[in-house]
Structures are given as C-alpha cells and as structure tokens.
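Q: Construct all of the structure, not just a fragment, from the sequences and the given hints.
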Amino acid sequence: MRRLAAAALAMVVVAAGCGGGDDDGTVTVSAAASLKTALTEYGESFDGAAVRLSFAGSDELAAQIRKGVRPDVFAAANTKLPDALYDEGLVEKPVAFAGNRLVIAVPARSDIRTVDDLARRGVKLAIGSASVPVGEYTRTVVARLGAARGDAILANVRSEEPDVKGVVGKVDQGAVDAGFVYVTDVVATDGKLRVIELPARLQPTVAYGVAVVKGAHNPEAADRFVDGLVAGDGARILRDAGFEKPR
Amino acid sequence: MSAFRLLLAATLAVALTFLTLPVVAIFVDTSPGDLIGSLGDGAARDALLLSLETTAIAVAVIVAVGTPAAWLLATRAFRGKAVVVTLVELPLVLPPAVAGIGLLASVGPQGILGGVVGDSLVLQTAGVVVALTFVAAPFYLRQAQAAFASIDPALLEASRTLGAGEARTFGRVAVPIAMPGLAAGLALAWGRALGEFGATLMFAGSFRGVTQTVPLAIYDQFATDFPAALALSAVLVCVSAALLLSVKLVTGAGPLGVAAR
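As you go down the protein sequences, you meet chains A and B in turn. Per the numbering used here, the very first residue in the first sequence carries number 7; after that it's consecutive. Per the numbering used here, the very first residue in the second sequence carries number 17; after that it's consecutive.
The reader is advised that the hints may include incorrect statements.
Said to hold, decoys possible - Quick list of in silico lysine to aspartate or glutamate cross-link-like pairs, DMTMM-like style, CA-CA up to 25 Å:
1) 73(A) - 45(B)
2) 198(A) - 117(A)
3) 130(A) - 135(B)
4) 220(A) - 89(A)
5) 130(A) - 62(B)
Treat the hints as calculated values from the structure; they're not laboratory data.
A: Written out as structure tokens, the structure reads:
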C-alpha cells in the first residue's frame, strides 16, 4: 500500500517536472497554417534549440495567446494580429518577414480560367472564414470586384474553413471547384492543383508578421529564430517555398 | 478508515474534480443573461437548429437500423461473429480525423463510391448526417446488443411457445424488456453526435445554416468572440444534458439509471 502511494506521488512529481522544465533548449512557435512546410524545414535546421511548432489559423493562435497560452514566437499570415497583440502588451514589437500572393486554386484539369468564372452558376467555392487572414484577404478581393460579381461569387461559397489548409483540402478532394488560397499552398501540392493569378488591381497586400511573445521561456533562442526568418536560413527557405520579400 | 479506503476516496475526488472543472468553468464565466443573449445571435441559432435537426435524423436512422441488427447479433451465433462485432464497433476508437478521411475516401466525390454519390453528400446537410451516423452508431449498437443479450432466454422461449413468431417476440417482448438499455445507448449516441466536430469539418465543411453545427460555430467564434463561444458552449452543455435526461425519463430508465444493463 505504502509503495503504491509512493509510486503515485512519484508520478505527480515527474509530471509536474515535465510541465515546467522546458526553458532549456526548446522554442515553441505558434504559426499560421500557410507557413507549415517552410517553417517545418526551418525548424529542423535551426541550431541550438529544438523547435516545437504548432500550426492553425492565425486568428485561433492569437485567441489562444489572449487566453494565456504562451508560445515563444507568434508568426501570423497578416500584420494586423501581431500588431493588435503588441498593442495589448502580449508580444514584443512585431516585424514583417514575408509576403505572399492570394490566388485561386483549381484542380489541374479544371475549366475555370479567370476570376469571372467563379461567378458562374453552379460553381462551388471554399474560402477562409471571416476571422482568419486568408478569409479577410479573400473578402477584400471580392469587395474590389463590385457588388454584382462579388455577390455572385459569395453565393457560390459552400464552406468557410477555419484555416487555409482546409480550403486546399476541399479543392484537392473535389468537394469544391475552386478556392482562394496563397500561391505557396498550391506550390506545395506538387502539381495536383493549378494556380489562377488574380489581376494586379485585385491583389491584396499579404504580409506576414512575427513577434516574440512576452514572457517567452526562451527569449534568446526566440530572438534568434525571428532573426533567421527576417534575414537568414528561415528567409532563404521561405523564398525557396515561393514566399516573397515583405512589402 | 483504512489507507486503501482513503486512497479510493482520493482517486474519486481527483477524477471528479478533473472531469467537472472544465464544465463548471464554462458556467462560472457565463451569466444566464449571456446564455439567453447568445441565442439572439443568428449564427448561433442557425447552428443550434442545424445540430438538433441533423442529430435527430442521425439518431432515428441509427435506432431504426441498429435495433434489429443488434438483436441479430445478440441472439445468433455464426461463424465470424466476433469479427463482425469488432468491425461494427471500430468507429468507436477511430479519431475524428480518421473518420473524416475515411468518409472522403469512401463517399466523397473522389472516393471509391464517388461515381455513385458524386458530390451529393460532401459539404451538404446530408453529409453532416452521414458523418454523425458513422461516429455515433457504434455507441447505440454496442449498448443495444448488450441489452438484448441480457434478456432471460426463458422469457423469449415462453413467447415462442405461446405461438408468437420471432418478429412478434422481438417487438412485443424483447424491445420492451431491453428498453432501459436501448435508451441508454440512444442517449450515448445522441450525445456523441451533438459533440461531433472533426469528421464533420473535414467531410461536410463549415457553412452557416447548411453544415455549421454548434461545435463548428463554437470553434468559429472562439477566435473573434470568446465570451460568445463560451455562452454557446454552455447552451450545448444544457441541450445535451436535457436531451439525455428526457430520453431516460421518457423511456423509464430513471434519471440516474445509467446503462441499466
């Protein structure tokens, strides 16, 4: 009996130790879903600290930080969310580290050619939900098309996904005919999906912002991780994956 | 009190605290006003109606098909029965993401039955019902099979000796006797269906009024409006609890008589 109790006590102690003791050599990064491939590669090559990555819609990650979750680094698919968290005193000064282009993704053998084709009756679309950056950019594009075409396109929306990977998945599975995603997401599908570029006058400015979270367990490594994203290995990997320089 | 009794009591206290704390927290942070107020939000109301509609259809299908199927499994011995039972119960242990992938690979537009179903299910309300049925059915089947299996064979024998055929024995004797167990299974399946998230998102997507059930609406609101997400969570807890309780009351299982055999 006493031995059992001792074992239970030992487990509690070990569990408590695991919870608090990762401030030596681990950087925890909450990052936008669209950064998945590039940051995974960067994280594996990062020197001096193990990188633990968590990907989701930027808005979900920001909401987690507001509710007390403390990753070391927050990388979002816009600058609005890191700036807002900075104003709320939750992160250090953010910096823009990459740009991207919003495009239309269609299956390789689709007959959709232009943004106007999306307004046709019977075309099915997936877009990001209103709160996730890709969904906000999409709504900017649709608003620039004017009421008539914009409304026709929104009427064709069949799913509002929590992050951009959800949109890619719905197009990839043939659940919808097209979706608004970033050009880098299509590159990552290795030819299964095709890009339809938006005319320059419709293209929103897609800028990625990153910040070290206040109270980071490992601020030194977090700083180095961010520096590498701005100018270093991370920046190089991002360019290779099709991300642009920040504008 | 012996040390062992003390340990038992302590483990129960730990389990109880751990399991109730998140639910308690939802209600601590939500005033009754917020709870009512959240129903004034159009998206939340649409989600609630859609959840009630899709789970009701799924549960009706599960009971209609599952009850006779469970009866057969409970009363017959045949080669490979263990395999059949295992296969039927398999969705119980599947992660929702695996269920979503499986549904896409089977009845999605590019699935093995894609030529037949096309896109009639994916991103449609019917697709939500399919996802809910898939994840919830095993809960009912398992419980119903156990309920039928625990009926005293002498009662069924008596029914047959008195001239009732198998259909009559099933409908007039077996189902009424097994009712508390069937009700418990129904309540479990309904609760699982109400909470379904991952398979629904992957297979049916998220669109207000069409496929956005309450769990999806909560996830959607979480990023922008945490209090609203919290209030809608509280509503879902209340609705689930009310459903489970009324199912048990209506079928006479008693409010506390969980899984009566």
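Q: Would you check the hint for residue 73(A) and residue 45(B), treating anything up to 25 Å between C-alpha atoms as holding?
A: Holds, because 13 Å separates the two Cα atoms, which is no more than 25 Å.
Q: Given the hint that residue 130(A) pairs with residue 135(B), test it: the Cα-Cα distance must not exceed 25 Å.
A: Roughly 10 Å between the alpha carbons, so the hint for residue 130(A) and residue 135(B) holds.
Q: Does residue 130(A) pair with residue 62(B) here, judged by a C-alpha cut-off of 25 Å?
A: holds, 22 Å
Q: Quick one, are residue 198(A) and residue 117(A) close enough, alpha carbons at most 25 Å?
A: holds, 15 Å
Q: For the pair supplied as a hint, residue 220(A) and residue 89(A), confirm whether the alpha-carbon distance does not exceed 25 Å.
A: Holds - the C-alpha atoms of residue 89(A) and residue 220(A) are around 13 Å apart, at most 25 Å.
The structure is consistent with each of the numbered hints, conforming to all of them.
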